[in-house]
Structures are given as structure tokens and as C-alpha cells.
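Novice: Model the full structure from these sequences, guided by the hints.
Spelled out from the first residue to the last, the chains are:
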Amino acid sequence: MQAPLLHAILAGAGLCLAGTALTSAQTTRQAAPAASLRSAESFSTIANQRDRSVALFGEIGTVLQHPRCMNCHPATECPRQADAKRLHQPLVVRGKDGHGAPGLECATCHGKQNFDPARIPGDGHWALAPASMAWEGKSLGQICEQLKDPNRNGSRDLAAIVKHVTSDTLVLWAWNPGPGRVPAPGSNAQFGALMQAWVDTGAACPAS
Amino acid sequence: MVSLKVNGRTHSVDVDDDTPLLWAIRDNLGLTGTKFGCGVAQCGACTVFMDGKPLRSCVTPVSAVGDAEITTIEAISGKEVDAVQAAWTARDVPQCGYCQSGQVMSAVALLMENKKPSDGDIDLAMNGNLCRCATYVRIRAAIHDAARTLEG
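Chains as they are written, first to last, in my numbering: chain G, 2 to 209; chain Z, 942 to 1093.
Source of the hints: derived by calculation from the structure; they are not laboratory data.
Treat the hints with caution; some may be incorrect.
As the list claims (entries may be wrong) - In silico lysine-lysine, DSS-like type, Cα no more than 30 Å apart, as pairs:
| id | chain 1 | residue 1 | chain 2 | residue 2 |
| --- | --- | --- | --- | --- |
| 1 | G | Lys113 | Z | Lys994 |
| 2 | Z | Lys1020 | G | Lys97 |
| 3 | G | Lys86 | Z | Lys1020 |
| 4 | Z | Lys1056 | G | Lys113 |
Just so we're clear, the structure is a prediction, and the values are computed from it rather than from any experiment.
Specialist: Here is the structure:
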């Protein structure tokens, strides 16, 4: 391999590797079983409303921090993939609008639906979340504050956030990811109910 | 039967809905310039254009094409194509050549969107096109040559 190309490859990888390190456990291909979600009603035993809201967001966090969601909310310019959250192959980047670089956009490979024979996931607007919505490496409390901040969440109020996570097709994909990928915990209906209950209890955030 | 618009003509193709577009192009239409490499969108050899944008035909079922216009290496045209073809010839880019139709499709797609790509722009656009002969340095140089030609 000639030096200029090697340098370019290393530079490209640098876009994506900052602040990350994969463990041997993360690189395994073993698929974990799908997890369940607690129902929103099950939190009613927590008398204090703020404590209940924080606890609800803790359950919501099991979805937000799941690979199906986190892989496309990266801290770097590059998505991750698979249950092991490994760097996307081939190397792709956010680009100017989250849809990839000129010549290698997400839609070059990702169609409107999953293509199961090749295990290529798909959706009508397959894309990276905007950089302002990067969750990778953040605590659940930080993600919570970010989620509520109109300056970072796409100018959404709480009602719009609930609508987004219960109707956006790319969000819904997380529960229909195709073979070889563990779905997000529970169901989208359960997740939506948890989000609504969190909003109804004041949308409080964990301390960390 | 599936109706496909390929290279300016509408074809009725007798394949199942989930057949990859690549096989309809190669086996049913006899357009063998588009290559099979990996079958899982990892190598870029199967790249065609759908409505002018690059697409990996090995992971695109014919049912997803609909009324879109497919263009293969046999029928691409335009100033970017002319510039890439001339640069590829002048630089003698291919070695074994198997991946080159995919490389050319991606290079043309890049130049259609970015008339003066940097080394980094080229690397990001061409990352999905593998070449076992490692002609990457000549590919990058040829794209720069083509960009200069387009600049006039």
C-alpha cells in the first residue's frame, strides 16, 4: 500500500475513532435476546412525582441507549452498526445533511425497506441524527437534558418529541430491524406510553 | 413480470419481486458491464444509477425500483463521463479491471455533485468501492485529472 493512501485511510478513520475503544465483548457477533420494557403503569407505586418521572426516564434510557438507536446518534461523524456497535463498514460520514458524502450517500446502499437476503437495513429516510443530537458517550442525564433542549432537539416541544418517537418511520424501524439485529426493548407502543408518562410527570431528568 | 426502465428503455422482466436488480440487469437484460462482487453492498462493483444517483444493485430488489430510471455503465453519458473516461484511459487506471465499472460510476457520481473534490472528498466518495489490485492511487489521480478537465 502506498503511503498517501495509507495516510488518507488513517485520517478517515480518525474522523470516527475519537474517544472510542471497542472491547472484545463489543466486537462479538453473538446476538443478545430482545429485552422487555416495564409498563408505564408499573411506575405508579412511586409516590413522589419527580422521582417517578426520573425513574420513567431510566426505563426510556434502555431504548435510547440501545444499539438500534445509539448507532446513528454517534459522537463522531460516522455511524456505528450491528449489536456490537462497531464502526460502519464501509467508512461513511454524516455529510452536510446527515445523508452521507457526495458519491456515497446512505441511499446508495440503504433502500426504503430492509433487504433481508443481504441483511441491509432500510427506511425511507435512512440517515444519521444531526450532530446536536449525538448521544454516544453521554450519561442518561445528559441525554435527557439534550432531548428537552429545543436548541438541540430540532425545535421540538415535549409533545412533538412524543409524536416523533411514536410516528417517525426511522424510529419505528428500531422495533423491526430485520434478522441479525436485536430489536429495541419492548414495543414502540410501550415506549410511547413511557415517554408520555414521563412528560405527564414533569419530564424530570436523572442527575447523571 | 416486473417492469424496469433501464438505459432509456422499458423492459418487462420475468423475475420475482425480491430479485436483486443486479441479476435482472445481468441475466435478464444481458448488460454484463455491471459486476457481482460481494452481494452485500461492501465492494461497489454492482453500482448503477437510479434517477442519476449511485445505487448498489446487488442489495436493491427490483420491487424497490418502481418507475425510477436505471442507468448502467453501458449507457452513462455526459461531460463528467467523458472526462472520467479520458482520465481513466490516460492514467491507465485499471489493472484486472473487474471493479472498474463500479469505480467509474462512483467517480462520475462524485463529479456530478462536486466539481473540484479534494483528496478527502474522493476518499469518502470512493470508500465503498474496493479494488483488489489496489489501483486506488491511480483512481484518485484520475478523478483529479477529470475535475481539471471539467474546470476547463
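Novice: Identify every previously stated hint that the structure contradicts and give their numbers, smallest first.
Specialist: As far as the earlier hints go, only 3 is violated by this structure.
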